[in-house]
Each structure stands twice: as structure tokens, then as C-alpha cells.
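What follows is the residue order along each chain.
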Amino acid sequence: DQQVKQNSPSLSVQEGRISILNCDYTNSMFDYFLWYKKYPAEGPTFLISISSIKDKNEDGRFTVFLNKSAKHLSLHIVPSQPGDSAVYFCAASAMNSNYQLIWGAGTKLIIKP
Amino acid sequence: GAGVSQSPSNKVTEKGKDVELRCDPISGHTALYWYRQSLGQGLEFLIYFQGNSAPDKSGLPSDRFSAERTGGSVSTLTIQRTQQEDSAVYLCASSFTQDTQYFGPGTRLTVL
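Residue numbers (the working numbering), protein chains in the order written: chain W, 947 to 1059; chain B, -18 to 93.
Heads up, none of these hints are tricks.
So the derived list for chain B, only partly shown, Cβ under 7 Å to chain W, looks like this: (1) 22; (2) 23; (3) 24; (4) 26; (5) 84; (6) 85; (7) 86; (8) 87.
Calculated directly from the structure, the hints in this document are not laboratory data.
Even for Gly, the Cβ is constructed at its ideal location relative to N, Cα and C.
With these hints in hand, go ahead and build the complete structure from the sequences.
Put into C-alpha cells, the structure is as follows:
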């Protein structure tokens, strides 16, 4: 039973264009959502987060959108750069679960020059 | 400043042997998490330590898995009688607040 789903295993985007990574969740108790980025042979690094009281959070080239009614969030990267090539994980947590992170399977983003 | 460190970076062992994986969290972080990532899978929660509270062991897949955290700092994850399905990357993370977790580089465990 996957509570957090990233249905695209990989995504290829031209450098300079917008990358949109999607994530769906099933547990309505989730109240905090995070995106992590992972390079090979490294641990995931925190990228951006959003609380369930908001529908958008922006940090430089990265914007996360949350649609609670659809239980969907997305990460937009614009403009995409070669260094953005990595695996992106969506994670969710609920206040009543010790903030354990429940993770999606990841989406491999490839930025083409 | 120093991040989360894990050792060893790679471990190859034979089925049935015990292994110990070590995590050094960021100094001052009260929360410590262990996850594992199997090939093609998302991160799977294993265990969570918060301060002096009893750990949340709800993610441990079997009684062959155990973990301890000494002095509220270093943590060791022990897998007894390893099986081939234990092969994965084991990731440790620490946090000060209960949202953003900082990850170590992981230990890649291969059970032959």
C-alpha cells in the first residue's frame, strides 16, 4: 500500500525549459510535504517543503504546489540546468506519526543540453 | 560544519553473517532515523530515535534487525543472520526540528 506515489520513474527535459515532477498521496492526515534530491552515491538532500496550510512555496528556481483536494503535489524547476539531473523524492509526514517521512519511489530527472 | 557520516560506505557479507552499520549524526540533532532503499524502491523507514524517548521500531522488518543510539549521538544498526533480501542502501538521517532531515551518504550492503 503505497501512500506516496511518484508515477514517473524518469523524466527528460531540455536545458532551460521547465521540469515538472509530480507526486500523489493517499493519506489525508499528511500535513507536511518535502522534496529531496539525490545524486548517485550520496544521501538525499533537502530541497524544498510545504505545509498543508499553504498551496505554494517558492525558493529560487524551485516551486512546490500543493493541491489538497486532489492529494497531489508538484515540483517545478525553471529554468532547468544540467546540475539538476538527479533523482527527486517526494516525502510526506503527519504530525501524529512522529513526523516519520513516507517516501515515494523517486523520479530520475535528466536535463539534456 | 560536519554533516551526517556513515560507515562503512560499502559492506559485502555472506548470508548468515551479522553486520553492524554506524551513523554519526550532526552534533546537536536530537532525532535520528534509519531508512533503507532497495533497488528501484523508495526509502523505507526502519527506526526513529528522539532524545531520551523509547525508539519507534515500527519499521524494522524482522527481529533480526536492531538499533541502538548511545549517549544520544552515535547509532548502530545491527542485522543478524543476514539474508540476500537485506541487500540495500541503508541511510541514516538526523534532524533538529521534526521536519527537515539531513542524510548521510549511506552504506551499501550486499549479501552474497
